[in-house]
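Number of protein chains: 4
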Amino acid sequence: MNNSLGEMFRITSFGESHGDCIGIVVDGCPAGLPIGVEDIQREVDKRKSSRGRPLATGRRETDKVEVFSGVFNGFTTGAPICLAIWNRDIDSSAYEKIKNVLRPGHADFTAYEKYGGFNDWRGSGRFSGRITAGFVMAGAVAKKLLSTIGIEVTAHAVEIGGIKAAPPQDVESIRERMAGNEVSCADPAAAVKMIEAIKAASRDGDSLGGIIEARAEGLPVGLGEPVFDTIEGCLAKAYLAIPAVKGVEFGAGFAAARLKGSEDNDAFDVKSGRVITTTNNHGGILGGISSGMPLVARLAVKPTPSIGKLQRSVDLDSLEPTTVAVGGRHDTCIVPRAVAVAEAMTAVVLADFALRHGKIERVLR
Amino acid sequence: MNNSLGEMFRITSFGESHGDCIGIVVDGCPAGLPIGVEDIQREVDKRKSSRGRPLATGRRETDKVEVFSGVFNGFTTGAPICLAIWNRDIDSSAYEKIKNVLRPGHADFTAYEKYGGFNDWRGSGRFSGRITAGFVMAGAVAKKLLSTIGIEVTAHAVEIGGIKAAPPQDVESIRERMAGNEVSCADPAAAVKMIEAIKAASRDGDSLGGIIEARAEGLPVGLGEPVFDTIEGCLAKAYLAIPAVKGVEFGAGFAAARLKGSEDNDAFDVKSGRVITTTNNHGGILGGISSGMPLVARLAVKPTPSIGKLQRSVDLDSLEPTTVAVGGRHDTCIVPRAVAVAEAMTAVVLADFALRHGKIERVLR
Amino acid sequence: MNNSLGEMFRITSFGESHGDCIGIVVDGCPAGLPIGVEDIQREVDKRKSSRGRPLATGRRETDKVEVFSGVFNGFTTGAPICLAIWNRDIDSSAYEKIKNVLRPGHADFTAYEKYGGFNDWRGSGRFSGRITAGFVMAGAVAKKLLSTIGIEVTAHAVEIGGIKAAPPQDVESIRERMAGNEVSCADPAAAVKMIEAIKAASRDGDSLGGIIEARAEGLPVGLGEPVFDTIEGCLAKAYLAIPAVKGVEFGAGFAAARLKGSEDNDAFDVKSGRVITTTNNHGGILGGISSGMPLVARLAVKPTPSIGKLQRSVDLDSLEPTTVAVGGRHDTCIVPRAVAVAEAMTAVVLADFALRHGKIERVLR
Amino acid sequence: MNNSLGEMFRITSFGESHGDCIGIVVDGCPAGLPIGVEDIQREVDKRKSSRGRPLATGRRETDKVEVFSGVFNGFTTGAPICLAIWNRDIDSSAYEKIKNVLRPGHADFTAYEKYGGFNDWRGSGRFSGRITAGFVMAGAVAKKLLSTIGIEVTAHAVEIGGIKAAPPQDVESIRERMAGNEVSCADPAAAVKMIEAIKAASRDGDSLGGIIEARAEGLPVGLGEPVFDTIEGCLAKAYLAIPAVKGVEFGAGFAAARLKGSEDNDAFDVKSGRVITTTNNHGGILGGISSGMPLVARLAVKPTPSIGKLQRSVDLDSLEPTTVAVGGRHDTCIVPRAVAVAEAMTAVVLADFALRHGKIERVLR
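Chains as they are written, first to last, in this note's numbering: chain A, 1 to 365; chain B, 1 to 365; chain C, 1 to 365; chain D, 1 to 365.
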């Protein structure tokens, strides 16, 4: 029951998978930001299933963005921006058949218990990945806002089904290379294998997970509000709102736990009059505050829980064991589409921090 | 500049390493909880350096807990509970010498930039691990509160310096075994090696990191407030406020990214009339909501940045390269002491969720 | 830039007077509340100008409520409820003409300065009373929720243009009588005079203000979260978000400042085994907490700033003095329509307190 | 159970009347503000009873301020500032005698019900006016902060026991004149009568209320965050946290409800190149946003509920009617001392708005 995130740049999510629409209210965006529906549409299109994504859901939505409020004459007004896409291609029949059977790995059981069975179960309702279209709309505004102070956010797939991409190079080459394949991976050779793996999993009625890296370049030093609103903490909270994300790490992350201090510590140096570190095990964050080095986070995405294979489950009505094979229209691997969502959430959180730390003016001119 | 955490069970942290005291205000604890200073002291003692921790800081503090408000006649009153320990054994001399030299891996640079050089640098000031004593005091209240509805929180070290403990068994054996050694590890054989590794690192003027597992048993189904206040998200945010934590995962976590759906999905079953899962890759959380299975989280702790070895750095005054060997009194590995902090933060977050979901009455009798 | 209100029952407002729509997101409403669009429409109709209100705005909107999310099969689902009405009868021409002239008593100047001239000025944009239609939609949900625990909220006009209604009697007669006239006043004789006064003011190209009383019956003892979230404080904050409200008082209010303690103190007594007070100068609130006696608040509404009379003003472009006579379509007195808004905000705040204090279950059955 | 107020300048109150101490944590104050304990002591002294206040409580506390954290070398550090005074002159005997008897006009009944009888009843515990000493400490920091951008806050008594002061002139004369008497009234002649009235009430075993005006000069245009965080709303919420305040109005306030639009509207004009209004019925706030004109608020303070006269009441144990004459040490009229509190809360709220709107830098130099 908390669908708002952020302090000064605050988003409020609404809508269900098979309801009327998916929407988001963005509150706190400064006035004077030039923005058009096309800026938002471009980002929303990145997570669409119809872009040739291998084995993505067969649901075909136009996902045409509408701007209900907060933009006037091509600029933000300082008022809350309500953005929405309508749900059109709704087919709840596959869900109707199994609505009393708990799908393993899904929120069916916990949602049923928490909301007393009143939750909208059609297409997973509020627990569908489709609600992240709203996150992406908010992220589009955030990205535009961050660009005014030179911050660029990028996410890409670094691992799918156990296939690792070669370590990313500079951000320009990441962007260029990830655009060349359907899994948003900056290593073309790995991308080919990933696509094969997804197709193979699909043939088996199975699914795959993976790892997404989110980055931000151009951050000023000083973003983050310790002790509790660290950059890491607020990003992790935002990332873990993306369905299927089960882990988050920053910089060297879990690998840092196996390093010695002399290996993990990033030496300081001076370059062009600015303090930098010579390595970036800290992922651009020290003490919960941005250091000016590139921010680097990684998100662990579990395999899509909806699979065609027969699984053991329980019937909620009878409380008897049963089995289930999940139909409906699902992605075999959501990682490629979740890349756009990870990017969006990174932007939303950083926009909030930039405003809180006074790095963005309340009125842009 | 945000030192409060939580909605209904909200903690507010204050104090610096070499200031007058370390404190915490706990707001929102229901009235009628029986609690004494000894309940809080017991938890605080768990993170003390003087408990024979191998190579823990030489700073010797009594850490005697004082209850300033909110408790009357042995019960909480419903008013904010202010808890504090005084700083007594202060020696800022080692810091004075290097106060203009950025210690690699520390928040010196980011804090200096963010607070314009006005931050209290003595003993790392607000960025010292010592402020987590406040977290532990709050955790003591939260643990007591959770115990009224049968929730038990436990943390233990599962890896130090690359040495992995054998997978934990039931929670009773974890508690019993971890109490038998100074690194809070439930695998006695691994504990011996961990202690040796810490001692070796200390001899080298180096430091170690590790991984902590935090667990909660007895959770009711339904805690968590999606879409943004998921259990994972709120716990991760709380964990990442602990200095040196750089990654968090739940259930199978990052390993889940390499599983297939058919492997990762936990089958549902019925036991004693209750729905359970036969495995726990989901770590007790589905859709951001507790499933009733044990909650399992892991925290990656980087090696202590303060090391005796000579490191490359920069002098803030001259902006010239320099070197630094960090003196002061530091732990070679903070994992053993951070176990108590991870446990505390788990309790604080779960207490908040239990109150938000109406699982704990506003007045206890 | 803060368009959200409430902790557990939280509303988020969006939309402008001449934009696409006026909307509200209600987050935190428990699952299982039976509600239909007609429940919300009924409340929205109460603030419509077309109900024969004397000299209300000529703008004719159908104000047909749409439920975008959060309701399924006639019950709330626990998900955010997005409600909206579309703006249809838009005519910005009167505003176009004077868009650079500051209308006295309006937010033109402050909004221009705060939002750098990017604010939507059409029909006062975000500062129009029209956005309170969103408040009323949220209030409809809150009223329905409160009714499940026997709380009834009522507002009525007690003074217009200096004409005072006779002191209100019991709440049933208030409701019955106020429904009999177009100014929502429970004193029929006063209502006649109020209507005459409004007509006279209109003839003069002038406007009137007044006072609204908001009441709640059936409150349990114990709502309110001191020290900062008192019932008075949270209600006042909500009331002062209604355009034109410039003062709020509770119980005897400002008159209490002139009483002696022996006159103002309400004596305690016991009735049917319950503690009551024999008088109600405290307006149902002691120490910021509900006492179980009827809650009584009064809101001072200033006269509509839009008047046809010529007024001195300033041209924003030239910064030269000028004069302005405000055209457009405005109410001569907004008090009758603001009654529904005051009632709605009372309900929204009390629903939040009832949830926070655990008086309403998270799932209704 | 909510003892925090503010978004970016957030205060957290703790402590009880007869507990160890009264304290406040100020979070979010920018780094680099020069402040000493004497700046805070000066404000705290203004609300002390020992300053010759007529018939103020006989309790004699030194109220010596201690700064526990957040200040280093004479400047704020950006870390939370914890401030406290110790309770020394505690005598709970008068309360012990009547602890089961509900004092009319007090929070005894509502607190007992809300906190299940676990609340600290000594000296009214958490509901004592003494906790406002914490508000004043926070206000001292806020005032110092506001002074860096030229905002000056002033409060004074404008009515006591029905005796009205002549309308205030310029703020300098208000300050000068109110300092000349013990009731903080800017009208010397009225002050004499007020003091007489207080003495007479005391002789009768009775008490008086009154009205406080709070003002702020030097406000920039644009503070306030509509639609819900208006300046009026946030100030009213803060004022109503002061015990005994039962009403708040801004500018012409309740009187505006009796004016016509042509009378109430403040004409715009230009002076020295700045837009001003020729009158100030709007009290410096239009659309919930500061207009640059002086902010003017008035607080209705009810008479002290503790009176020596015999009153009808109820015994909580037996639920039988009884009578009570309240002993203990109380002010006959709290208005003179509450002036300092109203001033403090005004400063706290405005500091928050100034930070939110970017008018104060995060680091002061």
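Think of the hints as simulated: they come from the structure by calculation, not from any bench.
All values reported here derive from a predicted model rather than from experimental measurement.
Treat each hint with caution, since some may be false.
If chains are identical, the list can't say which one is meant, so a pair holds when it fits in one copy or spans any two.
[What the hints assert, rightly or not] EDC-like cross-link-like pairs, simulated, lysine to aspartate or glutamate; straight-line CA separation at most 20 Å:
1) K359 - E7
2) K144 - E113
3) K260 - E176
4) K309 - E38
5) K64 - D91
6) K260 - E152
7) K64 - D20
Given identical chains, is K144 near E113, meaning Cα to Cα at most 20 Å, within a copy, between copies, both, or neither?
-> Neither: 40 Å inside a chain and 23 Å across chains, both beyond 20 Å.
State whether the alpha carbon distance between K260 and E176 is at most 20 Å within one copy, between copies, both, or neither.
-> For K260 and E176, the Cα distance exceeds 20 Å both inside one copy (35 Å) and across copies (29 Å).
Up to 20 Å between alpha-carbons, please classify K64 paired with D91: within, between, both or neither.
-> Intra 19 Å, inter 27 Å, cutoff 20 Å: intra-copy only.
Can you give me the call for K260 and E152, within, between, both or neither, at a CA distance of at most 20 Å?
-> Neither way: K260 and E152 sit 32 Å apart in one copy and 33 Å across, limit 20 Å.
If the cutoff is 20 Å on CA atoms, where do K64 and D20 land: within, between, both or neither? Let me know, please.
-> Both ways: K64 and D20 sit 13 Å apart in one copy and 16 Å across, limit 20 Å.
Since the copies are identical, ignore which copy is meant and state whether K359 and E7 lie within 20 Å (CA to CA) inside a copy, between copies, both or neither.
-> both (15 Å within a copy, 17 Å between copies)
Please work out whether the CA atoms of K309 and E38 approach to 20 Å or closer within one copy, between two copies, in both situations, or in neither?
-> This pair counts as neither: shortest intra-copy Cα distance 40 Å, inter-copy 44 Å.
Checked against the numbered hints given earlier, the structure breaks hints 2, 3, 4 and 6 and satisfies all the rest.
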